[in-house]
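So the chains spell out like this:
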Amino acid sequence: MSSLSASEAFLGVPPVEIPAPLSVRVEDLHVTYRASLERRPTVARRLRRLGRGERVVREVHALRGVSFDVLQGQVVGVVGANGAGKSTLMRALAGILPPTQGRIEVHGRVSTLLALGVGFNAKLTGRQNVTLGGLAAGLDREEIARRYAEIADFAELGEDFMDMPMLTYSSGMYARLAFSVAVHMEPDILIVDEALSTGDARFKEKSFARMQELCAQARTIFLVSHGLSTITQLCTEAMWIDKGALVERGDPAKVVSAYRRFLKVGATAVTQEDV
Amino acid sequence: MSDVQVYTPFRGGLPRLGPYARELWARRQFALELARTEIRTENTGTGLGQLWLVLNPLLLAFVYYVLTSILSGKPGGGARLAHIMAGLFVFYFFSSAVVGGAMSILSSSRLILNTAFPKMLLPISVVLVSFMRFLPSLGIYAVVHVVTGQPVRWQMLWGIVPLVLVLVFATGLAMLLATVNLYFRDTKSFLPYTMRVWLYLSPVLWLPEQVRGSLAFLRWANPLFPLLGSWSEAVVEGRAPQAWMLGAGAAWAVVALLVGAWALLSREREFAVRL
Ligand SMILES: Nc1ncnc2c1ncn2[C@@H]1O[C@H](COP(=O)(O)OP(=O)(O)OP(=O)(O)O)[C@@H](O)[C@H]1O
Ligand SMILES: [Mg+2]
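Each protein sequence line maps, in turn, to chains W and Z. Just so we're aligned, residue 2 is where the first sequence starts under the working numbering, counting upward by one. Just so we're aligned, residue 237 is where the second sequence starts under the working numbering, counting upward by one.
Bound-form chain W, shown alone (with noise of 0.2 Å):
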């Protein structure tokens, strides 16, 4: 890359700069749930509503025709009001729900931390939910056993408790592991849905800078977070997702002060803060 820039700008063309290769691509893309109206959709209330001419399948068009690309080294936030599909895109990327129309193109291992400490077991110990948590996310014994140690220290949460059961642990020790699992997993994209909300502010100061570490070996990074100032603090550019449509992307602090606009508040401490 260096090489193409120099000989250009010998040539006395102007050093044109290269963009990052592509990180993910997503075109168009729309998500349905297929959400049934019954709490238990069972035979007998099927064909009694089948009788009745009832539609059983009630479905949430939660995305509709999102469209964007992202370049590697990229910190994107995501912003939106409850509901708006940003966890639906988040699972989309991850692979995780299937587009019911459009195409997504995603170039590199997906860590996901969508919800706290999935896989995890309440009833194992700290070092065993390594393990479980390891291998969840797709990890072999052997490359969680070297990585061990390092998860343990960057948890902080002693030695003790890393053998205790997790029912023993506060919410933010729990967070505080499952983060720490997520993150060392050497994700080429890492997306992080509201985690670090649970940290006390010391972890997430320590979040911050592993995830500005991640970026900087060319990782990709999607984090959802109602805390604004998260966002424009921590990522190089930002999209507002509203009713399951891309609003506006762009600049972290542009499109979080058109967020705050269309949700009518102003930049208040309630805002500011992970709550």
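To be clear, the hints were calculated from the coordinates, so they are not data collected in a lab. Given the structure is predicted, the values throughout are model-derived calculations rather than measurements. Careful: at least some of the hints might be erroneous.
Simulated pairs of lysine to aspartate or glutamate, EDC-like, Cα-Cα distance not exceeding 16 Å [as the list claims (entries may be wrong)]:
1. W:Lys-207 to W:Asp-154
2. W:Lys-124 to W:Asp-164
3. W:Lys-124 to Z:Glu-274
4. W:Lys-207 to W:Asp-164
5. W:Lys-265 to W:Glu-238
6. W:Lys-124 to Z:Glu-259
We have chain W already, so just place chain Z with the ligands on it with the hints.
Coordinates of chain Z with the ligands only, in the frame set by chain W:
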């Protein structure tokens, strides 16, 4: 970047089997760890702990021994006890694998909504749990076998064949029912009764030779007839099982596995939006 993944709309049909099998193999340790976790945590609260793994089937075998003795009007003797135990232990394994497997997808909704992995791991892991629970009961059977004076011959090793076939048959059925249960949620409510009747229709409380007349159809209509029949012939009587039983058992097992895997694979991408 090494690997590119493209997600496009779900159109039904099978995924590409090669990559799927590779992914499944890569996650085998996760399935094992899930199974181990289940075993490790289930009896932690009870006084006798893991001892229940062998006590449960043992007590159940005695209950049925008493029942059959009363029904036939005379105490059954050692051979009958050994036959009931051998059959019941395997049936117990089969039934818990199938009933647990049927719930495996629905009960892991959190895992499915937040991690991308081959869903086939879930029923497989449940079958593994049941199998691990079953293994210690073989030790009990060995003691009963010797104490009641049944023959110890090398032909008993034939028992491995029907045992593996039951494992395959149960895996196929677990996959099928796990998928069906997502669309018709009554499935799980019917299962306990189905299993109870299935036990009575299988050569566990009676000997394979005892079916005559109008009940002879069981020999070909009940998959567990050849499977448990050949198991008992090998393990209890210490002789090579009849060839037709092994053949029929193998056919049932392969058909169940193919149908179950096809049902699960062709629907699995849709699971996340249907939970
Ligand atoms: N499992 C599901 N089944 C059916 N509908 C769902 C499911 N999950 C989400 N939805 C619907 O999809 C829409 C988008 O939900 P989503 O979880 O993506 O919102 P969000 O932007 O993450 O909101 P929040 O800020 O509250 O986390 C909502 O209307 C919601 O009702
Ligand atoms: Mg959300």
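Results for each hint:
no.: 1; hint: W:Lys-207 to W:Asp-154; verdict: holds (12 Å)
no.: 2; hint: W:Lys-124 to W:Asp-164; verdict: holds (11 Å)
no.: 3; hint: W:Lys-124 to Z:Glu-274; verdict: holds (10 Å)
no.: 4; hint: W:Lys-207 to W:Asp-164; verdict: violated (23 Å)
no.: 5; hint: W:Lys-265 to W:Glu-238; verdict: violated (22 Å)
no.: 6; hint: W:Lys-124 to Z:Glu-259; verdict: violated (28 Å)
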